[in-house]
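Using the sequences and the hints given, assemble the complete structure.
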Amino acid sequence: MIECDGLTKRLGGRTVVDDVSFRCEPGTVTGFLGPNGAGKTTTMRMLCDLSPADGGTARVLGGRYRELPNPGRRVGILLDASAQHPGRRGREVLALAAQVMGVPETRVAELLRRVGLDESAGRKRVRQYSLGMRQRLGIAHALIGDPEVLILDEPANGLDPEGMRWMRELLRDFADRGGTVLLSSHLLHEVEATADRLVIIGNGRIQAQGTRDELLQGSGTVVEARDEAALRAALDAAGLAARPGSDGGFVVEADPEEVGRAALAGGVALRRLGVSEGAGLEQLFFDLTAGAPDAFPTAAATDTDLTEAAR
Amino acid sequence: MSAIAAPTPAPSRDARPGLVRLTGVELRKMVDTRAGLWLLITTAGLTLAAVAIVCAAGNAQDQTFRSLLEVAIAPSSILLPIVGILLITSEWTQRTALVTFALVPQRGRVLIAKLLAGLLLTLAAFLLCVAVAAVAVAIVNADVDDVWTISGALVLQDLLSIAIVMAVGLAFGTALLASAPAIVLYFALPIAFAALGALSFFDKIADWTDMTRTTSPITSELLSGTEWARVGVSLLVWLALPLVVGIWRVRREELR
Numbered sequence: 001m002i003e004c005d006g007l008t009k010r011l012g013g014r015t016v017v018d019d020v021s022f023r024c025e026p027g028t029v030t031g032f033l034g035p036n037g038a039g040k041t042t043t044m045r046m047l048c049d050l051s052p053a054d055g056g057t058a059r060v061l062g063g064r065y066r067e068l069p070n071p072g073r074r075v076g077i078l079l080d081a082s083a084q085h086p087g088r089r090g091r092e093v094l095a096l097a098a099q100v101m102g103v104p105e106t107r108v109a110e111l112l113r114r115v116g117l118d119e120s121a122g123r124k125r126v127r128q129y130s131l132g133m134r135q136r137l138g139i140a141h142a143l144i145g146d147p148e149v150l151i152l153d154e155p156a157n158g159l160d161p162e163g164m165r166w167m168r169e170l171l172r173d174f175a176d177r178g179g180t181v182l183l184s185s186h187l188l189h190e191v192e193a194t195a196d197r198l199v200i201i202g203n204g205r206i207q208a209q210g211t212r213d214e215l216l217q218g219s220g221t222v223v224e225a226r227d228e229a230a231l232r233a234a235l236d237a238a239g240l241a242a243r244p245g246s247d248g249g250f251v252v253e254a255d256p257e258e259v260g261r262a263a264l265a266g267g268v269a270l271r272r273l274g275v276s277e278g279a280g281l282e283q284l285f286f287d288l289t290a291g292a293p294d295a296f297p298t299a300a301a302t303d304t305d306l307t308e309a310a311r
Numbered sequence: 001m002s003a004i005a006a007p008t009p010a011p012s013r014d015a016r017p018g019l020v021r022l023t024g025v026e027l028r029k030m031v032d033t034r035a036g037l038w039l040l041i042t043t044a045g046l047t048l049a050a051v052a053i054v055c056a057a058g059n060a061q062d063q064t065f066r067s068l069l070e071v072a073i074a075p076s077s078i079l080l081p082i083v084g085i086l087l088i089t090s091e092w093t094q095r096t097a098l099v100t101f102a103l104v105p106q107r108g109r110v111l112i113a114k115l116l117a118g119l120l121l122t123l124a125a126f127l128l129c130v131a132v133a134a135v136a137v138a139i140v141n142a143d144v145d146d147v148w149t150i151s152g153a154l155v156l157q158d159l160l161s162i163a164i165v166m167a168v169g170l171a172f173g174t175a176l177l178a179s180a181p182a183i184v185l186y187f188a189l190p191i192a193f194a195a196l197g198a199l200s201f202f203d204k205i206a207d208w209t210d211m212t213r214t215t216s217p218i219t220s221e222l223l224s225g226t227e228w229a230r231v232g233v234s235l236l237v238w239l240a241l242p243l244v245v246g247i248w249r250v251r252r253e254e255l256r
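First to last, the protein sequences are chains A and B. Under the working numbering, the first residue of the first sequence carries the number 1, and numbering increases by one thereafter. Under the working numbering, the first residue of the second sequence carries the number 1, and numbering increases by one thereafter.
Heads up, none of these hints are tricks.
What the simulated footprint calls covered on chain A by chain B, stretch by stretch (three residues with Cβ under 8 Å from a Cβ of chain B suffice, anywhere in the stretch; the number is not a length): (1) 49 to 55; (2) 63 to 76; (3) 80 to 94.
Which chain B residues face chain A? A few, computed with CB under 10 Å, are given here: (4) Ser-12; (5) Pro-17; (6) Leu-22; (7) Val-25; (8) Asp-32; (9) Ala-35; (10) Ser-90; (11) Glu-91; (12) Gln-94; (13) Arg-95; (14) Leu-98; (15) Phe-101; (16) Leu-103; (17) Arg-252; (18) Glu-254.
Everything labelled a hint here was simulated from the structure, so no lab data went into it. None of these values were measured; they are calculated from a predicted model. Glycine included, each C-beta is placed from N, C-alpha and C at the ideal position.
Written out as structure tokens, the structure reads:
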């Protein structure tokens, strides 16, 4: 359980976190989304009492973080995977954490295995680690105390697609066993598949929050065919309202199955069919991230396998 | 009759890490990086080398336990403060403070553990110096009287001399929270201060405030009451002041 209530932080005369309130319940994964510099990291550091708040309160498991007697056993934290001594071996980083928390050091080998770092990687010094390996080490560090809450700042940074899928499964499993997860990202597609809830922050303020389904609903289906006229006719024949999509094809106010049936009935071969990702959410994100070049890819749809649909 | 098994008191997840454990962690941090380990190996190596040179080339008067111990602690008195500085500043320079203070939010407890670890390391280094000096005396077996004679008080003063510089190193590290400035200032400030002492009006003040001056007799003779007072006053300037500034900084520093 994580509760932020009116969290506010001013740095150098600028309000970098402004009246931020949200809750993360046990059993859920909350995605904390926003462009770089939106205030995600500052909020998370206030949560962990690493940075004092200028206003509002942050509570973890019902109280202040600093009041937890042995925080590593209750809350797993990954705030910056690069914040490790480069001259220390990977397994030593975990062994130090285990020693502080009073966890047997046998957990170290277990955790290294669990995050996919083999024995030789554990013997290497952190200097030799890629960013992806540092993220894995950081996740092992967060998990070693067997906590109930995970607070992870940009954990997917530097992970390859396989690594991202692995992390998604790990976090899902953690939440399904009753854990609470808060993870931040500046990329919508990194968290949308994992998160039950989304909290979107921009310029220090909460811009939107709710369940993923609430935020993404009503956005319809994106469909595309080489023969646009035939597709249009098929959609009209099925009585489905369609408007041209932003990057070709149509956005239809219906679920993909209905659209697929309409295409089948009309004998149209599709080359794209997928759930549209919530144009409103995407637009909001785009506005927030305008000017930040690495921020947000503009893929409008989650592409699903279309060959099946067209047959 | 069914016996109800008494629940075995599992070690509580919520037990606060004690100071002994935290001190152990800090001692471990001094040796588990390549830089830290080599600094200690270098210190030990220089100790051996310094004693060996005096044994091989010095005159017999210098081959007593008393003077060889003084030789043995010289490398430690220069290098141990750097170990102390790095013990504090590397947490900031390498940004591991983020992890350290996430696991132990009471930053003062971490600082105390670091101070204790630094002083324990000093004690260990001193015991090594005593051993090296004793072995050297036994091997050389110089033909002078009272080769083993030393007063217990002087042994303690020798120990105190390296404990003081270690503590000052830790204090500088805490006040500056950055490795390079802390090391440079640790060595440069006393030299600048000594230069000030050359000015006639400052000479009297330096007698009480220049730590290099007040502690210079500490390893060679028993200090008088006035000399102890001078050491104490100079430590207010060189130890207490930076430590107080440092504790204040560490407790309120924003971690990024």
